[in-house]
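Those protein sequences? They're chains W and Z, same order as listed. So this note's numbering is basically just the index in the first sequence, starting at one, shifted up by 6. Going by this note's numbering, 328 is the number at position 335 of the second sequence; the sequence numbering is gapless.
Please note that a few of the clues may not be correct.
Residues on chain W that point at chain Z, a partial pick, calculated with CB under 7 Å [claimed, not checked]:
#1 Val22
#2 Tyr39
#3 Gly47
#4 Pro49
#5 Cys50
#6 Cys54
#7 Asn69
#8 Asn91
Bear in mind the hints are in silico, worked out from the structure with no lab data behind them. Backbone N, C-alpha and C define an ideal beta-carbon position, used for all residues, glycine too.
Chain by chain, the residues:
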Amino acid sequence: MAKVNVKVCLGTTCFVMGSSNLQELIELVPKKYGDDVEVAGSPCLGLCSIDWEFSKAPYVKVNNEVIKEATVEKVLAAIDKELKN
Amino acid sequence: MFIDIDCHQIKKYNQNAFGDYFVSKRYPDEAKLIAVLSDGLGSGIKANILSCMTATMLLKFVEGDQIPIKDAAEIVMNSLPVCQVRKISYSTFSIIDVNDEGHAKIVEEGNPDFIWIHNGEIMEPSFESIPSKNHKNRCMKSYKIQLELGDRLIFCSDGITQCGLGNEKLKLGLRRSGLIEIVKSKLEEEPEISSSDLSSYIIRQARNIETDRNPKDDMSALVLYCREPRKSLIFTGPPYNQKNDAQYAKTFIDFNGKKAIAGGTTANLLSRELNIPITMDKTISVGKLPSCSYMEGVDLVTEGILTLTQTLEYLESGELYVDNAAGKLVKFLLDSDCIHFMVGAKLNQAHYNPTLPIEIEIRKNIIKKMKTVLQDKYYKKVSIAYM
């Protein structure tokens, strides 16, 4: 099975809008899923500048799915969904 | 050639103000530097005011280039009042005007003679004596010397040459010859020592000589060191016109010196143009700043505005050894002599979201403030190019 790839945006906008709290994923996810899921930070996913008018930062990418206004719960749910597929 | 300059001081025992005053300023347009060290008569607040006035007045006189340094010094020498208590002149000074070619003009009045070290040897430059017309015991020395790469100049107040006065070992104090010994042996140990380290070393040694380590006079050691500049480049913000990305990326990677990137989007842009992958630090960043990332060939990669804002704060407050991304950037900056900023003018619309904290400032303003503090407080040479 292919690994699920999670990228947490740590760009300026996402960081101040809450991704600093999402960093706990970096510790939490390996504990919960082991080697099936890989979490990493990203300097900037470049999403906030695309639809800033409706800025939904912070953003997290789980494989190719973009999670807007991400929270730890939302990201975990998305990982579960990917793992089921 | 870059002139690395720094001065360390300690106060006289039991005083709460410095009696010596050091002031220095770089003039990037004229590629020169002026520094003044003044020792006010007596100690404490009185000496502080006297030396501060003398030093700042001299700097102001000389910086405009309206009067030659010699004439400016002569005017000050002749007009300094006489201390009512001691009937002697009321502050001494050394003034140095040196340009990037190493051409130095130095005028001294009352301070111990400066020490010029060239290839490990002490030089004895010739000077012109200019006695004061209206004060018998005042005479200034004017030097014109040519400095070369690796040369050092050391200026000090008499607190250093007279330290240990009356001790069993040093009946006449350390004197200039003793100071030369201290400096020479340190240079043999560490030939490339920075001005900052050398001046603080001199102060520590002088203090150790004093009985009970209590300085009997204010001590100042000013060191100038001519060396190849350590250059660094900081790329922050995407260029306004995307068409130029490739060209700027090439300028960045071809730069001869240390390189840093401040900005997530900027890092992505350079990674794309130069085809160098970015890896993010896996550890959780502590506190309020995103952690650093890594790119091959680049010395430091950080987030943009937040890190820059924090860096500016550290530089202004003097809190220099913090273990986070901004602390690393501070170290990067302070380990350089000539710093060039490449600042992208493109705005990120997402930063104009009213829900964002107000700390998100405009990049250009932060860099401008950073330039001022790096120049005035840390004596760096700073240039900025907008893209």
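To see whether the hints hold, each was checked on the structure:
1. Val22: Hint holds; Val22 of chain W Cβ to chain Z Cβ min 6 Å, cut 7 Å.
2. Tyr39: 16 Å, violated
3. Gly47: 4 Å, holds
4. Pro49: Holds, about 4 Å.
5. Cys50: 3 Å, holds
6. Cys54: 4 Å, holds
7. Asn69: 17 Å, violated
8. Asn91: Where the cut-off is 7 Å and the nearest Cβ of chain Z is about 26 Å from Asn91 of chain W, the hint is violated.
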